[in-house]
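Enquirer: Given the coordinates of chain A, assemble chain B onto it according to the supplied hints.
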Amino acid sequence: MTRAAFTAALAAALALALAFLVLPVVAIFADTSPGRLVSSLDNPVAADALWLSVRTTLTALAVMVVVGTPAAYLLATRRFPGRALAVTALELPLVLPPAVAGIGLLAAFGPRGILGEALASAGVRLPLTTTAVVLALCFVASPFYVRQAQAAFAALDPSLVEASRTLGASEARTFARVAVPVCLPGLAAGTGLAFGRALGEFGATLMFAGSLQGVSQTLPLAIYASFATDFPAALAMSALLVVVSGALLAALRIGGARWAGPTGAVRLGDDARAARAQTAQPA
Amino acid sequence: MLELRVRRRLSRLELDLALEVGSGALALAGASGAGKTTTLRIAAGLERPDSGTVRCQGEVWFDSRSGIEVPPERRRVGYVFQDYALFPHLSALGNVAYGLAARPRADRERRARALLERFGIAHLARARPAELSGGERQRVALARALAPEPRALLLDEPLSALDPATRGAAARELRELLETASVPALVVTHDFLEAAALARRVAVIERGRLVQEGAPGELVAAPATAFVADFAGANLLHGRATPPPARGELTRVALDGGGLVASTDEASGRVGVAVFPWDVTVERPDAPAAGSQVNRLTGRVTTLTVLGNRARVSVATPQPVTAEVTTASVERLGLREGAAAAVAWKATATRLVPGA
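Sequence lines, in order, name chains A and B. To convert, take the position in the first sequence, counting from 1, and add 64; that gives the numbering used here. To convert, take the position in the second sequence, counting from 1, and add 1; that gives the numbering used here.
Only chain B is shown next, with the shape it has when bound in the complex:
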């Protein structure tokens, strides 16, 4: 358990945050400048809060009242920097072994090699960072962070330095890694889909304050603020994709729990189906399929959250699909929790993203 309860005056806002990260990853999401990276740096000891406490697995790392401040080198966190911060003068192996200085030499090299092996980059052990691709560098950074068996993992936008082509595979690997690592992991991201892909729980901060924390689906279905509504843009459904049988046809995705949807994206195997609430229309369940929406699922309304003149309607299909509609539509369709409804959207508005 990593616990932060901190205040810190920043130039443009005041960070005032209480976070608890259990084992399993928590994504810390928000717009740029919301204080995400500062929070991560405070957890690592690279920055000092004005007041508050930081605790990890029963150990006090910072306490402004009793004047405790454990320096970063004694916290044993695995920190992955946004642009990885690999040591340019050391090989991949040297980078990974760097944090193992306290161990006997043979042990150090064995563990570093084992980690490179695990990340599939053993053949790059002697390469310098400048010779590595973005994806390879990310793996070295992860291996380096994991080498000293950290008590917490802190990752700052771990996918943002990657090109879109490698991001998908990297996201999948990283999610697996975070789920199997038995330490608390805090992942900073400004991208909701990335947050949803990497962590089971997402904490959204807005100008230094925690505004909502929950599973990605909960944030989409019932956003606490307008910011969360805009930020937690996409529904993320899970399923198995079958690639288009011929040119010009669509990818079909059999959703877990039932339901079939189509997408213009190409994919096969396990995928996440992302669709934005404002692309989803809500209809009466018995309404005839009209218009160009290929994807149509029915179910019962589970939540209905009104935000000013718009409302988020979540329908269990059985995976929850949230639509954003006007409050006028809610009245016209007689929507309420428990009522039957259909949600529909176009195959062109259906993004397939790598996901478990």
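Here chain A stands alone, though its shape is the one from the complex:
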């Protein structure tokens, strides 16, 4: 194949992929004017669902970051028996079908689950609550964050950590003042991935938390619930979801670029260390 023909083939593949991926998104907006988008918020089902989605997703993200960051740091920086097993176990939810995740959550935390009795005696009832939504989101989305955070920490130059130690900083202080800030672009990328996964989460939430308006009916569930009865409303809510996700993606991109700063697009040969620290993580 000549070079021109090969380039044409590559371009055709890209065009096909773009067309296929963009068309459905465009189609959503083709039928939804901006005015309709705004007025869809007057629909109590949509407004409740949007608010619930934002609330649960942000809560789940906070939990993932607070627990996942130190866990990822441990996995990235220490060698211990069972480490490989722990990594695999943490990544398992990535490949689990959401329905399986929902069943698993019920079997663990449901009234007849392993922890059901303990939870019940503590007065906690999870299924069909907002907390259950957060749990479901954490379950399906946290592996995205932990994986990315672990990769970011693993790419951290160990001599930065050592320099911090010789300068009087304890391991904990080094984690907070050097490891996290230097790896922030990678951590932000992980947060973005987890956010995307959590915002779109459907199956596990439906099975574990149900679909109660204002309690556990997130935007994807509301879309599903209304698409048979009120397709235009479902379209409007879908458009809302696209706008929210798109805004987040853009914010992360801009924030990441700003953090890396004017020196972020590093002169590679000039400062291989900073370059490695800042480009190793896909931002």
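Read the hints as simulated data drawn from the structure, not as lab findings. Glycine residues also receive a C-beta, built at the ideal position from the N, C-alpha and C atoms. Some clues are possibly wrong.
[What the hints assert, rightly or not] One side only, chain A facing chain B, incomplete, derived with CB under 10 Å:
| # | residue |
| --- | --- |
| 1 | V164 |
| 2 | G168 |
| 3 | D221 |
| 4 | L224 |
| 5 | V225 |
| 6 | E226 |
| 7 | A227 |
| 8 | R229 |
| 9 | L231 |
| 10 | A233 |
| 11 | E235 |
| 12 | R237 |
Expert: Okay, now just chain B, sitting in the frame of chain A:
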């Protein structure tokens, strides 16, 4: 005083070392993989020896018998990493202030600024490491290491990340710094001239063991092993250079204590004159100057060290110049300690290096 008496099994060799570093710098020199950096890391607490002790200024940092191990953050050493390991997310000022966390905020900033001032980079206080040149980065790394008033300085190949153009000036500054810092300093280097330029004493390690320790001149004059002989390549004489008066002429160096030598290198002011022993010929003092050796000095043989079929002959000119000759030549010329001799070498074999 920094004292190390440590053993550590490494993948390819066993480190077994006893070192004492007084105030003033000791250069720890050797081939790559000889265990130099490991030694430095053990002193800093970044690596743990299998057995032994590490002590600094009367304080025990490590003792395998009593199970004492002070973590790196409580040793207060100033460690300069080979590629400086500056924090990429902090400005130069932030890097220098990092080790001052225990002090009040105003104090912290004042001291960090004063250090940047001292290293001539105050105008770069807000720059991130990626925006700095190699030489500037080295200064930030030194300032950062000195900021918390360390009890010992540990420097890992502090000049190797610099380009040759800035290395000379950096070496001069660093030597001055190490001489005025009143704490023990251990400088790792794989380059003998660098060791000689930075420290008054050089310890050579070979596959994890200390083989010789002494002033640079002593190592050149009387190397203990063949490795030291090859490694401690150059004589280093001190003097003052006068630049060539015209194009095509030579730089003249008036040696401290007497003697004039010429070099094809250009320099002016205080310089070190480096010449390799194998480039120096030994002659009878009354032999007529023949051949192309421009530099010829006479004196008495102070030491004569035989290493197999070669011998190191050191002649006080009055600065000692060591020549490496065959043992056959030693016999032919009747060389012995106390005998008069002349040493000669070419101006093209005379390297001028920055030196005090």
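Enquirer: None of the hints should be skipped; say for each whether it holds.
Expert: The hints, checked one at a time:
1. V164: violated (41 Å)
2. G168: Cβ of A/G168 sits 39 Å from chain B, so the hint is violated.
3. D221: holds (7 Å)
4. L224: holds (5 Å)
5. V225: holds (9 Å)
6. E226: holds (5 Å)
7. A227: Check passed: Cβ of A/A227 comes within 4 Å of chain B, closer than 10 Å.
8. R229: holds (4 Å)
9. L231: It holds, given that the least Cβ distance between A/L231 and chain B is near 3 Å, below 10 Å.
10. A233: With a closest approach of 6 Å, the A/A233 hint holds.
11. E235: With Cβ-Cβ at 8 Å, under 10 Å, it holds.
12. R237: Since chain B brings a Cβ to about 8 Å from A/R237, closer than 10 Å, the hint holds.
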